[in-house]
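One-letter residues, chain by chain:
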Amino acid sequence: MVYVAGIDAGAAFTKAVILGDDAVLASQVVLSTSNYAQAAISALEGALSKAKLERDCLAGVVTTGLAAGRVPFPNERATETSCISTGVHRLFPSARTVIDVGGQASRVIKMDEAGRALSFMINEKCAAGSGRFLQVIARVLQVNLDDIGELSLGSKRRTDFSTSCAVFAESEAITRIAEGASKEDILAGVHHALASKIASMVEAMRLTPDCAMVGGGAKDIGLVRSVEEKLGISLLVPEEPQVIAALGAALIAGGRLASAGAKQG
Amino acid sequence: MEELIVAGVDIGSTMTKVVIRNGRTMSTFIGPTGAEYRTLAHKVVEDALNQASLGFDDLAYVVATGYGRMSVPFADQQITEISCHARGVRSLLPTARTVIDIGGQDSKAIKLNEQGRVINFVMNDKCAAGSGRFLEVIAESLGLKLEELGELSLKGDTAIKISSICTVFAEQEVVGHIADGRRLEDVLAGLHDSLASRVYSMAERIKLEPDVVLTGGVAKNIGIRKAMERKLGYQVLLPPEPLLTGAIGAALLAKELVLKAIEQGQPLKKERRPLEAARFFE
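These protein sequence lines are chains A and B, in that order.
Residue numbers for the first sequence follow the working numbering, beginning at 1 and rising by one.
Residue numbers for the second sequence follow the working numbering, beginning at 1001 and rising by one.
No lab work stands behind these hints, which were simulated from the structure alone.
Virtual Cβ for every residue (Gly too), placed ideally from N, Cα, C.
Check before you lean on any hint, since a few could be wrong.
Unchecked claim - A short, non-exhaustive set of chain B residues, derived as facing chain A with CB atoms under 7 Å: (1) Y1067; (2) A1128; (3) I1165; (4) Y1234; (5) L1237.
Isolated chain B, as found in the complex (with noise of 0.2 Å):
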């Protein structure tokens, strides 16, 4: 049999990934999502195909997640991120019982059983506070780039207690400690502490069990993941590539949705609109 080739797109907020299996054969691709992510992920999918000599019509069944599950026209069908985060970690950790993924714009915790199947979780798309965009918000502050601040955050003797939950009220807190001449790896230590620790309370809502896998954005910042292990007594796992977690389960799951179809005799059923409608995006 000819191998199948599955695609996964999974339109964060902040980051657009995308997976395409050619059979055991993985390509995989990341780019900021920018105000244009419906062109980018049409894009995307379009030159990895176009460097195999393949076309959309190639593609047996493509899923489509994240915050812009929406706005992918060629996706055939949308899969929530909680089923797509579980099913990329089962593959990727199978001893995962919680999965922590913690985006540019959201937080959630998944509990997974020992089948690797969701039975639990919780989300918070509500505050900044909970997510990579309070990082953000203080490096733009701070005129420091995002991925220096979880080195500079261990450099921090003593972590300064950041008493605001808002992001909004924790920026002027951070300028007010930089003004008083505090250590800027202290002041950085605190807000590592201070994110890490309403992630870990939310979380804490579904009870945390080992191992727990770390995802998302900020799953690369090793501040927070300091920070997350002290919290939790024990440490962290990390995937390859935290960012490719959903990408890669809504792939598997295409896949899977291809076999099943095959297996029973059925149909599968196919949302793709034409790539016509696709251009409506350009």
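With the rest of the complex left out, here is chain A (with noise of 0.2 Å):
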């Protein structure tokens, strides 16, 4: 059997995939902290040991992500743009558009039949518009970033912001919980407003379903049910969405492993 690794070492998570012949046989995702380097190895050698593998079993090891200069290991590097791509187009064969919510930056990729991205559109700039401002207001609200999808939808009254800066948004959410907003309306109305920046990006791009959303932003229910209010349709979210770009990665190892072979062949 051939093992390879995807990893992708995004700013807040670090995520790895193991594929035996192709087919995922573990994943693991670890806090990036400020230390990227660390991370790799507790995110690859914790991937490693659920499948029952030592690193030297890897036949190829492919990274992506915004620290992908730091991985401390031999590897290759994919840009995130084919590896999310390639993740999607795996799972979701008819995609044809993905959303991917990262913790600093969002992309919307457009892709071909075979899964190749055609064109992309990325915000890197603003907190405002990736998994940041999310992490940003659970912090004022002192809630678990996982938990906050579900207390979202238990709003009654979303507070809607009137800025659309991170920064001024957290001091609104502090002004908004004195006067009596409940955690819920907040919640909703964050994810109001970074819906609204995503769907302006897909709008841009032009949406051409189907239309997938991966990212650890989809793994928050609250923001997947936004952003398809705003867009006006269903999305195809993966069960594990944080780690695509992970699983894209490995895939492209395994790809790149096999067009090697066939070369010398």
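Can you join these two chains into the complex? Each is in its own frame, and there are hints to help.
So, in structure tokens, the structure goes:
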């Protein structure tokens, strides 16, 4: 069996996926903290131990993500765009548009029927367009990031923000709480604001269905529902949306080995 | 004729500024806006009037400006910050052709003609990165006082470039630089450059022309002033109290409105709500 690994060293989380003959054996997600090198090792070792493998079993490792350059063991690189589109194509061959909401950037990718990225748009300049916005507000509300999706669905009356800046929204959230708004209503407002930013990117790229949503942000059911509402469509969301780029990286690792093998043939 | 008593109230997102003119005498008040800003402006004006054995009825006219201008029940008229800043700067520094105002939550640039009239302006209130808020967030995260940032930044030898525009990402970048052992002063020098560049490129959209006057709370930060002067290639002017130009302008406009009404023999439009309405805020 040929074993390969894909690693996505993101701003907030580092993800690893292990494939054995192109099938997923294990995955691991760890906090990136600020030590990206250590996070990459923990993610890979965690995934390897779940798959009951050693590091030297791996025939190839492909890395991607913001901190891919910090990964301290031998690896090849691939762009986030190609990893995401490859990962999404494996799970949803009908997808032609992908929305990726990560910890520090969000992007929209258009892809062809073979899963190749045709064009993409990225927002990495503004926290209010990324998962970071959710982190900022979750901290103010003292709620766990993993709980905000479900919580927001319980909103009775959404708190709309008058600003599109994460810093100003943070103060606005504090004021709204003082005025008696519930956590649920504020979270619904944050989802609405973030979904508006994402939807305007999708509209600028022109939506071609089917549309998938991936990245850590897609774990947030409240955000997914808000984006669906904005776009007026249903989104394809994988079971583990956070590891899609790592999955794509691993698939690319496998593909590169296969084509190198064919050349040597 | 009895001297006119007028007031200008400028309620900013961070600071509340009040100017009362009694003839040529001017009293000024500056205090943090806080959550109770409606009460604060009312109380400040009331105290000032009490000291002079006057009451609200003695005020011929009150002009409110700034972010919170709609929440001053005793104001007769609301006038935009742009007009008030321009009027204030015209009286203080008549050679000014451009005003760059950097406040706690927004920044703006105003172009004036030779008569000191507004001919163009540009504003950013969408993003914290172009405002004093940027410095506040960083100061808090580094455990420094806002007032000491500017001086410290001047001690930097090599400004470390901050690549993030967004305040949230810049904060993280700064923490990273400090964790990597970079000198605090060098990081601060980079931060001041970053804010100055951002405001400069916004202001450049209306074509900066000397003299340039810097106003707003951030004008008090010497690091920003120096960084801005490096961008411009010449010195900027500073009013005696950069926080007060809007309130001074508001008071001047109040006086002019009264004089104009008297001259034309027209009754002055007053929108002042009764003081009972103000109690609502207390």
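Here is what the structure says about each hint:
Against a cut-off of 7 Å between C-beta atoms, the interface hint on Y1067 (chain B) is violated, since the closest Cβ of chain A lies about 12 Å away. Nearest Cβ of chain A to the Cβ of A1128 (chain B): about 4 Å, under the 7 Å cut. The hint holds. Residue-level restraint check for I1165 (chain B) holds (minimum Cβ-Cβ distance to chain A is 5 Å; threshold 7 Å). A cut of 7 Å between beta carbons decides the hint on Y1234 (chain B): the least distance to chain A is about 31 Å, and the hint is violated.
Interface hint status for L1237 (chain B): violated, as the beta-carbon distance to the closest one in chain A is roughly 30 Å, over 7 Å.
Taken one by one, the earlier hints fail for this structure at numbers 1, 4, 5, listed in ascending order.
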